[in-house]
Every structure is written in C-alpha cells, then in structure tokens.
Amino acid sequence: MNIRIIRALLKKDVALFLANRFYLLITVVGLVFYIGIYFILPAQVDEKLKLGLYAPVLPSAFAQLTAQQGAEIGRYDTEDALKKAILDGDYQIGVALPAGIMDVWAAGGRPRIAVYRASAAPPELGDAIVALVKELSYAQTGQALNFDTSAEVLGPDMLGAQVALRDRMKPLLAVFILLVEVMSLASLISVEIEQGTARALLVTPMRASHLLVAKGILGVGLALGQAVLFMALVGGFSHQPLTMLTTLIIGSAMVVGVGFFLASVARDVMAVTSWGTVTLVLLAIPGIGTIIPGLLSDWARVIPSYYLTDTVNRVANYGAGWSDVAANLAILAGFSAVAGAGGLAALRRRYR
Amino acid sequence: MAEKSIIAENLTYRYGSVLAADHISFEVDAAEIIGFLGPNGAGKTTAVKMLTGQLRSQEGRAILLGFDVAKHTQAVRSRIGVCFEQTNLYEQMSALDNLALFAELFGVKDFDGYGLLKRVGLNGREKDKVAGYSKGMKQRLMVARSLVNRPEILFLDEPTAGLDPVSAEAIRNIILEERERGATVFLTTHDMWEADKLCNRVAFMSEGRIATLDTPSSLKQRYGKRSLLAQVAGSGGRVEQREINLDTPATPEAVGQLFKQERVITIHSEEATLEDIFIAITGRKLTE
Numbered sequence: 003m004n005i006r007i008i009r010a011l012l013k014k015d016v017a018l019f020l021a022n023r024f025y026l027l028i029t030v031v032g033l034v035f036y037i038g039i040y041f042i043l044p045a046q047v048d049e050k051l052k053l054g055l056y057a058p059v060l061p062s063a064f065a066q067l068t069a070q071q072g073a074e075i076g077r078y079d080t081e082d083a084l085k086k087a088i089l090d091g092d093y094q095i096g097v098a099l100p101a102g103i104m105d106v107w108a109a110g111g112r113p114r115i116a117v118y119r120a121s122a123a124p125p126e127l128g129d130a131i132v133a134l135v136k137e138l139s140y141a142q143t144g145q146a147l148n149f150d151t152s153a154e155v156l157g158p159d160m161l162g163a164q165v166a167l168r169d170r171m172k173p174l175l176a177v178f179i180l181l182v183e184v185m186s187l188a189s190l191i192s193v194e195i196e197q198g199t200a201r202a203l204l205v206t207p208m209r210a211s212h213l214l215v216a217k218g219i220l221g222v223g224l225a226l227g228q229a230v231l232f233m234a235l236v237g238g239f240s241h242q243p244l245t246m247l248t249t250l251i252i253g254s255a256m257v258v259g260v261g262f263f264l265a266s267v268a269r270d271v272m273a274v275t276s277w278g279t280v281t282l283v284l285l286a287i288p289g290i291g292t293i294i295p296g297l298l299s300d301w302a303r304v305i306p307s308y309y310l311t312d313t314v315n316r317v318a319n320y321g322a323g324w325s326d327v328a329a330n331l332a333i334l335a336g337f338s339a340v341a342g343a344g345g346l347a348a349l350r351r352r353y354r
Numbered sequence: 005m006a007e008k009s010i011i012a013e014n015l016t017y018r019y020g021s022v023l024a025a026d027h028i029s030f031e032v033d034a035a036e037i038i039g040f041l042g043p044n045g046a047g048k049t050t051a052v053k054m055l056t057g058q059l060r061s062q063e064g065r066a067i068l069l070g071f072d073v074a075k076h077t078q079a080v081r082s083r084i085g086v087c088f089e090q091t092n093l094y095e096q097m098s099a100l101d102n103l104a105l106f107a108e109l110f111g112v113k114d115f116d117g118y119g120l121l122k123r124v125g126l127n128g129r130e131k132d133k134v135a136g137y138s139k140g141m142k143q144r145l146m147v148a149r150s151l152v153n154r155p156e157i158l159f160l161d162e163p164t165a166g167l168d169p170v171s172a173e174a175i176r177n178i179i180l181e182e183r184e185r186g187a188t189v190f191l192t193t194h195d196m197w198e199a200d201k202l203c204n205r206v207a208f209m210s211e212g213r214i215a216t217l218d219t220p221s222s223l224k225q226r227y228g229k230r231s232l233l234a235q236v237a238g239s240g241g242r243v244e245q246r247e248i249n250l251d252t253p254a255t256p257e258a259v260g261q262l263f264k265q266e267r268v269i270t271i272h273s274e275e276a277t278l279e280d281i282f283i284a285i286t287g288r289k290l291t292e
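Residue numbers (this note's numbering), protein chains in the order written: chain A, 3 to 354; chain Z, 5 to 292.
Just so you know, the hints here were simulated from the structure itself, not pulled from any lab data. On a predicted model such as this, the values are computed, not experimentally measured, just so you know. Take the hints with a grain of salt, since some may be wrong.
As the list claims (entries may be wrong) - 35 Å max Cα-Cα, derived DSBU-like pairs, lysine-lysine: (1) LYS13(A) - LYS133(Z); (2) LYS201(Z) - LYS139(Z); (3) LYS136(A) - LYS52(A); (4) LYS122(Z) - LYS13(A); (5) LYS113(Z) - LYS13(A); (6) LYS75(Z) - LYS13(A); (7) LYS142(Z) - LYS13(A); (8) LYS224(Z) - LYS264(Z); (9) LYS224(Z) - LYS8(Z); (10) LYS289(Z) - LYS224(Z); (11) LYS229(Z) - LYS201(Z); (12) LYS142(Z) - LYS289(Z); (13) LYS139(Z) - LYS13(A); (14) LYS289(Z) - LYS8(Z); (15) LYS122(Z) - LYS133(Z); (16) LYS229(Z) - LYS264(Z); (17) LYS201(Z) - LYS224(Z); (18) LYS13(A) - LYS264(Z).
Generate coordinates for the entire structure from the input sequences, incorporating the hints supplied.
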C-alpha cells in the first residue's frame, strides 16, 4: 500500500467534501440539530406518582393518599373512563376497586382488584401499586387483607421508559449520525464514477485498492468524528468510554461497508439518494426501539444496526461493560467485515 | 532500427457478443505520432483502453516501452499519459490543484504546475475552479494533466473534438512539441485534416479491425485519385468545369487538348483526402 498515494487521495477527498456546500451543510446542521434535540428533551424522569382510580366506594386510607405529597390521584366514574385515561396517556397506572370491596373484606372474602398499566410504564410499577394497595388495606383495617389482582397492559409494551427521553434518544441520534455518512460516502464514490474522474485516477500508477482505502478512511473519519463529538457533548462517554469508542469505531466500519455496497449498486447520485433513503430507514428501525421500548420484537435482530444501537444504548444508558456487550460487538464486527469485504469486491468490479 | 514504443499483438476484446477489437496488431516507433481514425464504435477507444491497461485484452498482448501491459500495468502507467475524450476533471478544485493531485500520484518531484498551465495557455486562471472554465479551457487542462509526468507515450482520445479553432490549434501545437521532446503520441480522431497534418502514420479502424496502416502520403498514392480541375469559358459566357485524371497514360494528351480546344480560366491540381481514402477502403463514412 503506497502511503503517498493514499495521502494524496485523502487530501483530495477532504478538499472535495469541504468544497461541496451541500455535504458540509447537512453535516454541520445535522450535528447541531442532533445535539440540540438532545438538550431540548427532558433530562429527568417524572418521579411523582400519578394514579388513576376507579372506586365507587373509596376507603378512607385511599382518600388519605390523595392528600399526600408526591401523589396525584385522579378519580373516574367508570372503569372504562379509567382505561381510556390510561390509553390517552393521562396516567401510567390505574386501579379499579370493586364496588363492594369493604363488604367482601368484612365477610372474609378475596375481592378482585384490577390494575391497569400503560405500556410505557415499567412492569415494576404494577407490582409497586399492588404493594401499595396492600399497605392501604392494612392501614384501613389494621390487618393484612387478602385480595386477588388482575393486571392488564394497555397499549404496546414499552420496557425501559424509566430512562429519560433524551437519554433514550442518545443511541438513536448517535447511530443516525453514523448512518447519514452511508449516503455521503456512497455519493462521493458515485460522483467519482459518474464524472469519470475514477477512470482518470486509474491510469496513474495507483490501484483501485488505493482509491477504496482512501474512501474507507474518509468514511470512517467522517462518521466516527461526528459520532464521537456528539457523544462527548452529550455525556455518552461517562460510562465505559473505551467500550463506547470501540462500538462507534466498529459502527463506522459498518457504515463504510454499507456505503461501498450502496455505491456499487447505484448508477448515479439520484440512485444513491433513493437507495440510501431506503437503507437509512431500515437501519434506523432498531434505533426507534430504544425510544419506544417493547415496540420491536426479536425480528429486529436481523437488522445489523440493531447490534450497534443496542450496544450504544446499553453502554450509554445502563453502563454495560465489555462482558455485557461482547456478543453484540462480535456480531457487529462480523457484519462490518462482511459488508466491508463485499462492498470492496463489488466496487472493485465496478471500477474495473 | 528505431526502438518500438508500442507493440500490439492480436489485441482482442468482446463486449458480450460484440467484437469491439478484432485481433489488432501494429507497432509504433519512438517519437512517432500515430493516428487511429474511424467512426464511432470502430474500436479506437477499446484499443486505447487495452493499451493503457484499463481493459485486459481477452486475446493477444500489448507491450509498451518493453513492458507487457497486463503483467506490469503500474510500471507502464507511470510512464504514459492519457487524455480522455470526455472531460473528467475535478470541477470543484482549481486547475493547479487538479494537476498537483496527479503529480503527487505519479510521484513527480519539483512539479511546476504554473509552467505547465502556461504552456497550455491557462496562465492567469491557475487558481480558478475548473467548473468556471469553458470547454476549450477544460480540454487544454485535460491535455496538461496528461503531461504531468512527462510521459514517454501520450494517448490522446479525440483531443480537439468540438473545440474552437484557437483551442484546437493550441492542442495540435502541444502534440507536435511532445513529439519534438521524444514522446510517442497515439492519437484517435475523427478529423482527417488533423490526422493528415500531425500523424506520421494513420490506421483506419473499421468494425474492430485495422483496415490499413500507413503514412498519409503512401495512402494517397496507393488509394487516392489525383486530378487536374480546370474552369473553362463555355458557350454563351458560362463557366464550365473540366477534370483530367493525372494517373492514366492519356493524361499528357488530355492536358494538351484542354489548352488547345478550350479557353482555360483557372487550373489546379487536386489530391484525394484521407476521408476519400477511408471511404474507398472501408466503404463507410467517418461520421456514420
């Protein structure tokens, strides 16, 4: 590999990237936009207990709860109205007490208490509410009372909603920054082929591999540089910085491989834009799963970017270490290697 | 005997079922300008691509400066220059940066970009973006780029096509200067007048084959028809034209009769053009 040639090509590619106002604009605006979104989103989870309640007869202990700080109880006249309020997002959790609850208890029976949980609420919240009802019933009668509960989740399941929204966005934004470079890289290569400049380069002593290595370095540099800058600004390196950096490097390599593939199948810049959009949407799907937990099931694992998004999410938001994400990283690295080698081979054929 | 710069032996290339180059064989001496002439699709560009290593010949071989192109592609490329028919410059970069990039790729030390741009008449516009250049300026820059490494063989694919007379003449002068320097020039063109003026030898390409290869003067002698064209005063004051073939035994008598029997107003000789000869040999026009 001739370093002088690669350096010359890189210098040219950077000059062309900087000379192209469109690429430069979307890069800078995109980065500012992503960072802006992060800081605009709420930084904290709402810790106040908000409980919807349907209780034709309200036991006094429950009534006292409404007066407590840190609790917001909303009463509904019907069980259906309570469920609607939860579905509408007014409350994350609701409890429906049967009309004759006190009589059933008095007769030594086991009333059935319905607990409704919004899909955005973590499952533990349901358990906590059941425990709270037990506490209240104890407070009401001075003894532990038996009751049965029926739990119902309203809406799609959304595990992990206890993470602040902007932190849930962090992996999506970081991965998006990487993925956008798929299109930039593919466009740079496609323009080189479309305008015939690749042909001019290839009648000099350089080889096609020099050209592709230079493009690969540029692609990794652009993607990684922006992702690292973003993560540094939003505190993405506060947990396991080395693991995070490694993940972003492997993710950047994946971006280059996919970019090469895209450039090899797209005839011109328009085709890059069309195919690139489809690719981008597909690869962004796993990122959406971090905002809406439970939205995606196991099928999302067939999308390679799942392993990138999931790793960034687990490292950034849950402090996962090497051992936790090793399998993810191995799969991601494997896919990056396959995509990179396949893209290189496809592009070499095209350059020839 | 002069050293051979280019030896082509049975170069053959098929694009699917289309035979673009059909066992092309020829040799070119050092410091010779050879012209490849032919209509679109005749196989000229395919021949250039095989000679410069852009395409690997499916049969035969090309030897440039003593190197087999297929085996020593990089060594050959470092000593040749290629100017493409279609403009393929980095338009967002300046002319100087375009040349500097290629100088770096060729590993040229002490590269004088300003000097080269002055030579092709682009001095004063060195740092302008190429996107703002006219077609003629871009073509001159393309030629300059092919000269960055002072090539021993220069391949020029239709270098003056569609250019204004001034730009075309500037490029023709550079071609002649390069030959003076000792470079071999491989020129493909549609322009028969240009080929006649510049080339030591010309090859007529048709349907992937070399129909003939010789010096322009030999081709004219072999295939051309020389004649005398005279304008004479006819009956009623009308001007009429007479043509006398110069290559028949009856020529002297026909000339004598002309002057005896007619009042000659003007007379001049006419020789065949390469275009006439191309049609005579291939049965096709260059613009087909």
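Checklist entry - Taking 35 Å as the top limit, are the C-alpha atoms of LYS289(Z) and LYS224(Z) close enough? => result holds, 17 Å
Checklist entry - Does the alpha-carbon distance linking LYS229(Z) and LYS264(Z) stay inside the 35 Å limit? => result holds, 25 Å
Next on the checklist: For LYS13(A) and LYS133(Z), compute the direct alpha-carbon distance and say whether it is at most 35 Å.
Outcome noted: Measuring from Cα to Cα gives roughly 17 Å; hence the hint holds.
Checklist entry - Do the alpha carbons of LYS122(Z) and LYS133(Z) lie within 35 Å of each other, as the hint requires? => result It holds: about 16 Å lies between the C-alpha atoms, which stays within 35 Å.
Checklist entry - If you draw a straight line from the CA of LYS139(Z) to the CA of LYS13(A), is it 35 Å or shorter? => result OK: LYS139(Z) and LYS13(A) at ~26 Å, within 35 Å.
Checklist entry - Within 35 Å, alpha carbon to alpha carbon, are LYS142(Z) and LYS289(Z)? => result holds, 29 Å
Checklist entry - Keeping to a limit of 35 Å between CA atoms, is the pair of LYS229(Z) and LYS201(Z) held or broken? => result holds, 19 Å
Next on the checklist: Just to be careful, I want the Cα atoms of LYS224(Z) and LYS264(Z) compared with a cutoff of 35 Å; is the pair within it?
Outcome noted: Holds - the C-alpha atoms of LYS264(Z) and LYS224(Z) are around 31 Å apart, at most 35 Å.
Next on the checklist: Hinted pair, alpha-carbon criterion (35 Å max): LYS201(Z), LYS139(Z). Please report holds or violated.
Outcome noted: holds, 23 Å
Checklist entry - If you draw a straight line from the CA of LYS136(A) to the CA of LYS52(A), is it 35 Å or shorter? => result holds, 18 Å
Checklist entry - When you check the alpha-carbon spacing of LYS142(Z) and LYS13(A), does it fall within 35 Å? => result holds, 22 Å
Checklist entry - Going straight from one Cα to the other, do LYS201(Z) and LYS224(Z) come out at no more than 35 Å? => result holds, 13 Å
Hint violations for this structure: number 18 only, all remaining hints satisfied.
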